[in-house]
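Undergrad: Reassemble the complex: the two chains are provided individually, in unrelated frames, and hints are given to aid placement.
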Amino acid sequence: MEKKLYTVIIYSENIVGVLNQVTSEFTRRQINIETLNVSSSSIENVHRYTMSVWSDEETIGKVVKRLEKKIDVLRANYYTEDEIFLQEVALYKISTPRLLSNKQISKIIRHNNARVIEINSTYTVVEQTGKTETIMKLYKEFASEQCVLQFVKSGHIAVTRDVIEHLTEQLYVFDEDAKRRMI
Amino acid sequence: MNELITGAEALMRSLMNEGVDTIFGYPGGSIMPVFDTLFDHREDFRQVLVRHEQGATHAAQGYARSSGKVGVCIVTSGPGATNTLTGISDAMLDSTPIVVIAGQVASSVLGTDAFQEIDLVGVTQPISKWCYQIRRAEDIAWAVARAFYIARTGRPGPVVLDFTKNAQVSRVAYEPETASCVRSYVPYPKPDKDAIRNAAELISRAQRPFALVGQGVELGKAHEELKAFLEKGNIPAGRTLLGLSALPSDHPLSVGMLGMHGNLSCNMNTNQCDVLIAIGMRFSDRVTGDLTRYAKQAKVIHLDVDRAEIDKCVKADIPVIGDCKETLPLLTEYIEEGNHKEWIDSFAEYDAIEYEKVIDKALNTKEGPLKMGEVARRVSEATGNSAVLVTDVGHNQMMSCRYFKFTQPHSVLTSGGLGTMGYGLPAAVGATIAVPHRTVCVFMGDGGFQMNIQELGTIMEQRLPVKMILLNNSYLGNVRQWQEMFFDHRYSFTPMQNPDYNMIAQAYGIPSRLVKERSELDGAIHEMLDTPGAFLLHVVVEKEENVMPMVPPGMSITEMVLE
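Residue numbers (my numbering), protein chains in the order written: chain A, 1 to 183; chain B, 1001 to 1563.
Just chain B, with the same shape it has in the complex (with noise of 0.2 Å):
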C-alpha cells in the first residue's frame, strides 16, 4: 500500500508527473491547501505570483506560445476563477494549451452559494476544450493527466480543472497515471490518402497556387515539412496573423501577411489564384472579408486537424484531415515539382504599389512625429530579427506585426481571434520565463499597457528581461481610425488623457527612456537591449495615424484602401 498524501500533494505529483516547471498563480481561501503544499515545492516549480488573475492566463499562453508546452495557473474560486475567463476564451479561439486550476468550495456546500462559489465547470464549458470538476481526491491522477493530454494534443486549448477543497484535504494513495488516449476524442485523424493524391493531382495541375499559412503549422511544428512543400511546389504563401513566424518572412516564398490589415498583393492574389491550399488556418473573418466574394474562382484544399473547421467558413473541394507534420510530407511527395515564376513575380508588382502608398511614408519618413511602422522596424533590426514579438492589440499589434520580421519559429504572441486589449504584458511575462535564452519584445498601446499594468509588479518581483515598447499616441487608437473612417470623426471614448509611463516604471524600479524625436530612437532602442533586465522604451508616436492598407469590414478583400 502507498503511504497516504494529501489531495494538494497528489496534484503536485501529478504536475511533476506532466513535466510542469512553472506556475502562475494567484491564492485565495479555497484554494489555500494548495498554495501551502506549493511552499513545499519552491525547489520543483517557478512559482510566479501575477498581481491579477488575468495575468495568470495570459501568462500561461505566452508561456504555451513560445515554448509548445502546456501552460498552468493556480486560482481560488468565485472572483479569482472568474477573473480567468478572459484567457480561458482567448486560449480557445486562439488554440493554446493551457491548464486552468481552480479552487472550489468543498463538495458538501456546492450549490449553496457558500462564499466564493461559482459554477465554474457551467461557466467554462463554452469557452473550454474541457472541464471537469474534481470531486475526491482518488481523481487527481486521473483528472490531471487527461486535462494535460486533452490540452496539448490534436487541435490544443485551455482545460479547466474545478477543484473542490474537500478533495484537496482529503487522503489518498497517490499512484501516477499518464493517458495516452480518451475513447471520445481523436485527436489526430488518419489522412485521407486518396483526399492526398487528389490534392496533389490538383496542385500539380495548378498555374497560379497559393499557400494559407496558419499557426496550425506552428502547433504541429511541421516547419520544415511546409519549407519541404512550397519549395518542391514553388508555391507562394501568405501568413495570417498568428502563422507569421511559421515561414521566415525572408523565404523566397514568403509573399506576406493575409487579411485586414495584410498585403496588397496576397489580398489580391488570393482572388486571382486558381488553387487556394489553406494549411492550418480557419478562415477567420479578418482574413477573408466578404465571404461571397472570396476566391470564388478557387478551387479550395483545406489541410486541418480539426474537422469542424472544413466547410465552416469557405466551402473545401478536397479536404485533408490530419496533423501537417503527416499530411504535408505526403503531399509533397505526390506532388509535380512546380514552376510559377511569373505567377510568383504577379505579387512583386501589388508589392511596388503597397511600398510606393504605404510602407515607404510608414518606414522612411524623414520629419514630423514618430511613426509606429519605424519603431517596429527599428527594433526588429536591432535584435537581428530574432526577438520573439509580443504584442497588445490595435494599432500597436498591427504595425508591429506588419513591420517586425521573423527568422525563428514562436515568434510571434498576440491574441488574434479574441482581440484581447490587455494580452500583450503579462504574455511577455510568460515568454521570458518560457524562453530567456531569446529577446522577447511586447509592443502596447497607451490602452492596452494599462489593462493589465499591474503586471509591472511581476515583471519587477521576478527581474524578468521584459523589454516594453510603449506606442503612445494618447487615443484608443483602433477604434478613433474606425471613428475616423466610418463614424463622421466622432472621436467618442476614444481621446486619452494618460499618466508619465515612464514615472510609474519608475516606481517599479525599471529603467525607462521617453522618445519623441527620430534622431533619438535608434539611440534608445540600443540602450533598450543593452541595459540588462527589464526596460520601457515610451515612444510618442503620430496622434492620428491610420494602419494601412484596410480592407473595409464587409467589404471584399480586392477593395483594399491603401489611403
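If we strip away everything but chain A, and leave its shape as in the complex, we get (with noise of 0.2 Å):
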C-alpha cells in the first residue's frame, strides 16, 4: 500500500507515562516517529500529542484505534495533509561578524520574511514559521553562506479542519454525566 505522511493527534490525561504507551505502539510495528511535539491542550489536564510518521492508511488506522484503547488515552485520529493546517517552527542561530560582514545573509532574512529575535556581538537568532519546504529553504540558504552556529526545528504542529470539536463534546456530555451521578 502506498506510504503517505500522516499526522496523528492524540489528546491523553496528564499523567506520567503516557508518552512511552504511545510511543511503545509505533516501535512494536516499526515506524519512526519523524516528529513529535507534547503539549498541554486548551482544555486543563489534557495533553495533546502531534505526530508525524510515514505509513500505509491500513497500518495507521490500526495503530490510532489502538492508541484510543489506552486508558489514559482520551482520543486519537490521524489525517492527510489535506485534512489540517500544520506548521512548523525553526530557530537559526548564526554568526554575527558573519551577518555583518556578508551583506548577502541580511537579504536572506528579508526575502525570507524571517524574524530576528536576538543579536549580540557574537551571534543572531533567527526564528522562521512555516512548512517543512519553507524552514528547511531558509536553513539551505543560510548554510550556503557558511554562517549557521545552531539549527532546530520543532515537530509539526496542527489544527484540524474540522468544524465540530469532538474532544470538547465529549468531555462536556461526560461531565454532565458526572454531576447527574453526584446527584
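Misleading hints may appear alongside valid ones.
Here are the simulated EDC-like pairs of lysine to aspartate or glutamate, each with C-alpha atoms no more than 16 Å apart in a straight line [what the hints assert, rightly or not]:
1) B:K1516 with B:E1333
2) A:K69 with B:D1306
3) A:K65 with B:D1306
4) A:K62 with B:E1333
5) A:K153 with A:E34
6) B:K1312 with A:D56
7) A:K62 with B:E1356
8) B:K1312 with A:E57
9) B:K1325 with B:D1311
10) A:K65 with B:E1333
11) B:K1312 with A:E34
12) B:K1232 with B:E1333
13) B:K1312 with A:E81
14) A:K131 with A:E81
15) B:K1315 with A:E44
Sample of chain A residues with no beta-carbon within 10 Å of chain B, all distances over it, derived [unchecked claim]:
16) K65
17) V73
18) E118
19) I119
Honestly, the hints are just simulated from the structure, not real lab data.
All figures in this text were calculated on a predicted structure; none of them were measured in a lab.
Using N, Cα and C, we set each Cβ at its ideal position, and we do this for glycine too.
TA: Listed below in C-alpha cells is the structure:
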C-alpha cells in the first residue's frame, strides 16, 4: 500500500508515562516517528500529542485504534496533509561577524520574511515559521553562506479543518453525566 | 476526621471494598508492610502462599476465568514482580481480569538502582490493560477502585499496581472509593442500531450463515442470549478454543471447534458460508490460517466490545460494536426465523470423514499404547461432562479440548493467545478455590507439568482437590510433531528423560496412580474422582501420537491434513 506522511493527533490525561505508551505502539510495528510535539491543550489537564509518521492507511488506522484503546488516552485520530493546517517553527543561530561582513545574509532574512529575535556581538538568532519546505529553504540559504552555528526546528503542530470539536463535546457530555450521578 | 491508618491497611480495606476474598501471594522485602497487615486479616481473605510468583498470576487467572470475578496477587518488587510478567501477558492476550499488586522501593530512592528496584510500570505498560505507581498513601483508595473497575469492565484484562514502600507505611485518613467511570475509557460502546438492523437483514437473507463463537460470550455472560440468537436464526456455530464452553458441546447447533486442530467441518464450511457472524472472537491466526484465503466468499459481521478488534485481521462488512449481552438480543429481535437444515447437515458429512480418519482411532483403538484423546473423553464422561477443564499447553491441551465435552459455562481454562507452558497446574489451583462446588480436572504433559511443578506445594498446603491428569509421552509432543512434519524428523531438544512422577506426588502427600494399560484406565479415573482431595493420574501414552486433523502453518483452513 502507498505510504504517506500522516499526522496523528492524540489527547490524553496528563499522567506520567503516557508518552511511553504512545511511542511503544509505534515501536511495536517498527514505525519511525518523524516529528513529535507534546504540550498542554486548550482543555485543563489534557495533553495533546502531534506526531508525524510515514505509513499506509491500513496500518495507521490499526495503530490509532490501539492508541485510543489505552485507558489514559481520550482520543486519537490520524489525518493526511489536506485535512489539517500544519506548521513548524525553527530557530537559526548565525554568526554576527558574518552577518555584518556578508550583505547576502541580511537579504536572505528579508526575502524569507524571517524574524530576528536576538542580536549580540557574537551571534544572532533568527526565527521562522511555516511548512517544512519553507524552513529548510531558509536553512539551506544560510548554510550556503556558511554562517549557521546552530539550527533547530520543532515537530509539526497542527489543527484540524473539522467544524465540530469532538473531544470538547465528549468531555462536556462526560462532565454532565458525572454531575448527574453526583446528585 | 477519620482515624489515621497505614497505607497497607488502606489497601486491605480497599480490597475488601471490592469484594476480594482470596489473595495469591509471595512476600519479599518491599512488600513486607502489606504482608504484615495481611496477618491481621486472616479472617477476611483466603491467603494462598504460592511457590513462585508466576504461579500466583496463573492461579489468579484460573480464579478469574472460572468464577468471572477479578483474581488478585500480591508480590514483592524486582524479581517478584518480573516473575509475574508471563502471567500478566497471558491475561492480556486472553482478556482475563486480574490485579497484580507489587511492592516497590521507597519513592525517595526510585531511579537509584536500589535493591530489588525495577521500573515495573515501564516494563508492564505494553502488556497490561493499565498500570499505575502508587507513591502516596492518599492515592490508594482511588487507585485500587480504578484498577478493579478497569480490570473487570469492557474487554477485561490485567492491571498492575506498583506500590512504593513509603505509601505502604505512611498514615492516611481512609475514605472508601468506588469507580463507576473513567472519562478517557469507554468500556461498553453504545450499539449502533443501524448496524444491527443491517446485520439482521444480512443474516435473514443468508442461505448459509455460520457463527464463530469466542470467549467474548463467556466474558459478557451472554450464554442464553447466544442460544436464543442461534436458535431463532437456525444458525450453526463453531467455537474457538477459549469459547468452547460458551455453548454446550451437545447443543444441536454446536458444530465443533475452529482452528488449527479444530474440526474439519468448521474449517471447510468457513470457506463455504455466505455470511460469517463472529461473536466475541478475534480471528487469531490459529483460527484463520492463511488470511488471504480465509472466508473470502462471505460477508463478515463482527460483534466485539473492543473497537480495535474490528478490521484487525479480517475486514468486517458490518461491525457491531458493543457488549454482546446487549447486541445479541437486539440482533435476535430483528432477524427472521431461519431454516438451514441442508446447510447444517453439510457439517455432518465432514464430521463423518473426520470420525473415520481421526476420531475413531483416537477414541476406540483396542490395542497398543493409550491415546490422549481417549483419556480426555473417559475423564469427561466420568464427570458427567460437568467438570472444569484446565489444560497446560501442547498436545495435552489440543487433545483434551477436542475430546472433553462441556455442559456448563466457564468450564475451559487454557492459555490460548500466549500459549504458556506451565499455566495448567497453577490455574487449576485458582479454579478449585474459586468454584469449590465443581470438579476441576487439569490435563498436563510431562513438559508443562515440570514448568510449574512447585505448585504441588500449594496444593498440598491448601488441601486443594485438584484432579491432575499427566499425559506422559516422554517428549515435548507438540514441538516433536512439528519436527516430524516440517523439520525432517530431527528431534532437537524434544525427547525427555522423566523423573518418577508418582514418587514426586508421594513426597507432597498426594495420592497417585500410574496407568500404562487400557484395561486399567476407567478404574483409575474413578479412583481419582472418588478419592477426596488432590490426585495425580499419571498416564503413559503413545510416544509419537500426532494431533490431527491439522491446518499446517501458513496454509488455508481448507487444506487440513487428516493423517
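Undergrad: Which hint numbers does the structure go against, in order from smallest to largest?
TA: Checked against the structure, the hints that fail are numbers 1, 4, 7, 9, 10, 11, 13, 15, 16, 17, while the rest are satisfied.
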